[in-house]
Amino acid sequence: MFANPFKLKKLGILGMNNRNINFIGKYNKRKNFPFVDNKLKTKQLAHEHNIKVPQLLGFIQFQVEIKCFEKYIENENGFVIKPAQGSGGKGILVIVAKKDGKYIKPSGESLSYSDIRRHISNILSGLYSLGGKNDIAVFERLVNFDEAFEGFSFEGVPDVRVIVYRGYPAMAMMRLSTSQSDGKANLHQGAVGVGIDIKTGKALSAVQFNRPIKVHPDTNKDLKLLKVPYWHEILHLCAKCYEMTQMGYLGADIVIDKLRGPLVLELNARPGLAIQIANDLGALNRFKKIDEVAHLHKSIEEKVAFSIETF
Amino acid sequence: MKSKNQILLFSIILITISLSLMAYKVKYLNFPLFQEETTNIWNIEAKITFDAKKNQSALISMALPSSQDGLIIINEESSSANYGYTNSTINNVKRAIWSKREVEQGEQVLYYSIDLIKDKYYKTKPIEFEQTIETQDASKPIIQAALSLLDNIYNKSANSLSFTSLLIQEFNSKEPSQAALMIKNNYMKTDIQKRDVLIKLINKIGYKVRTIGALYLEDKQRNISLTPMLEVLHKDKWYLFDINKGLLENSSDILIWQRGSQFLLEAEGVKNSNVKFSVTKNIVPARSAALSKDVKNQNTLLDFSLFVLPNETQNTFKLLLLVPLGALVVVLMRIFIGIKTSGTFMPVLLAMAFIETQLLPGILMFIVVVTMGLIVRSYLSHLNLLLVARISSVLIVVVGIMAFVAILSQKLGLEYATSITFFPIIILAWTIERMSIIWEEDGAKEVIQQGSGSLLVSILAYFAMTNNTLSFITFNFPEVLLAVLGLIILVGRYSGYRLSELYRFYTMVK
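Going line by line, the protein sequences match chains A and B.
With UniProt numbering, letter number 54 in the first sequence gets 54, and the count goes up by one each step, no holes.
With UniProt numbering, letter number 40 in the second sequence gets 40, and the count goes up by one each step, no holes.
These are computed hints drawn from the structure, not numbers from a lab.
One or more of the hints may lead you astray.
As the list claims (entries may be wrong) - Capping the alpha-carbon separation at 27 Å, the derived lysine-lysine pairs in DSS-like fashion look like this:
1) B:K208 x B:K235
2) A:K7 x B:K208
3) B:K2 x A:K9
4) A:K133 x B:K340
5) A:K71 x A:K29
6) B:K510 x A:K10
7) B:K2 x A:K289
8) B:K4 x A:K288
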């Protein structure tokens, strides 16, 4: 039932306390947190650094502006509303289509105009932000995700999570939503995590609810067949995120748009530990290898090359 | 790992400071470490009786004891209805003075009582007392006998102590010498006479000696007189002798009421005056003894303690000082075990509410309020309200539920009904709001997980905060908070695995 802590240590598995003290606390400077925690700032910063992100349609900061929200989405079929300072995917509303004045969620459920207004109002009131402080609702163009993932995900956008440690892509996984996760990509809600080989972008192993699986529970597609397209571009994109935010322990969420290729969907200053289970591999050993060479490599290219070569 | 060492050092310093302050209070201020500890307070009452003389004003004065090494007087009280009462110091001796213009006929009674506690660390400055020794006319054969006795004993002795011991032994022995017997029969009819003669004899040799009236601290003594004793100087220190027992090595059981040759009782305008003593032992909690002692000691450390606060504030602090204990439980549960709670310190607030409501009614109330709150909240979400308005509505509903349950349990005759108002309602309203969001986004499982996690941690915090020993220690030794702080800081650098992670990563170990 319980693992021997010494064995976990030997496997190099990163624990929550260790992560908080020796990685987040040590490498993520407090003053850089807003670059990551505030999605609006992340977007603006990404534009300055030429990093591709889903297109911003607009944002709403004050309750009185809510009734104008339609002007941001009038030309869009699908769109996403998120709180600028939400965490853990909380408060993200995805609309895939508009039909008869109703807004359709990926699950097929339809929402009315007032449902959307209420959601925006909740965001502004700070329901999803840390400590309940007032927030901003951000409107994004819906990503048309690449066909490469056809059958691998159920009712949701699959994304690639890469842990970037001191600028080196250290570990990667794909998060595939399932019917159980209600279209969400959070592993603890039942999404499938697939460990991705840093070298090739191919699937290594997969888990759901911490248990190894072989096929997608909804589509029965063999998860071994999963191969992430644009893999090297993705690795470069992640490494660039480190240059942009100066966060030494960073989780970058990448989605692949049919037309635009890999986009940085979101950055995370406190990425979770489930990626280790998906990869069936402890993160500490890789971090140690990076620590040994961190002073040698200056450019993004060198760092990515080291990761590809080593992991 | 420089900061790690710093933290280690810092917490060790904090813990050491706290423990040494505690040790000091326990050892030197006699603070009890456990609630059950009791100490003895000796109550000594002097009962002065006299008869009035017609048409005369009365003036009665009595020598009073002062604190002595090992014995602290914590309270003095005179009860003397209708008498004027003052204190004065004459020749370094404190005296109580009662006065009255016209005294009624019949026996009059005045009381004077003191409370003492023993404290082996207590030292006072010795005070000089007036001692006059009158010479006494005696017949020639007696003087002769006395001189030969003194000569004999002087030769056998080495110093004032051994001389006095031998002298007392001589008079107490079953077969005293002829000389001793003669003196005894003529001049030692009472103990007081015996003491006074002994003093004269010792003084004759040239040793410094003085009169003492003392009381043995033995429980339940009524109507006793002061035991006549004497003190002899040896190498700048006075040694106490019981005239029947000899040198008293350990004087911690003896209260010296009167020193020197002043009269114990002086009475003008009255007749048949007399003073009798009674000694009683009272058992009181050690803390109140330590505290009443403090009034006299004026210890700065205690002077800055919580006991100087008014009672009501003290009670508030009794509760407040428990919060760090609850926080410690939360820290341990989250860092070592990894239990999920909704809101970091919600469990501590809940535990504080449980203290007021009792545990079981509190848990029941929590479940009832949250469940009903969630139901109401799900209805309110249809009304499409702004967040603040919605939470406020939930808040009002929570108050309403509480009032309803209070009235209901009052009707059913349940005692705890009214105490539920201690629930932190704003926290509860927010908790309900967040839980309902979690319900919508992450499902009921997550809500139950976080809700039961919060409840579990708050129950544990409740037990830590209601533990008698712990709460007794935090209130009497608030410095223990430094140790708690040190411990929390130390735990704050724990980078090992949580218990929940051993479960979570179980599948990765094959």
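So, against the hints stated earlier in the document, which numbers end up violated here? 2, 5
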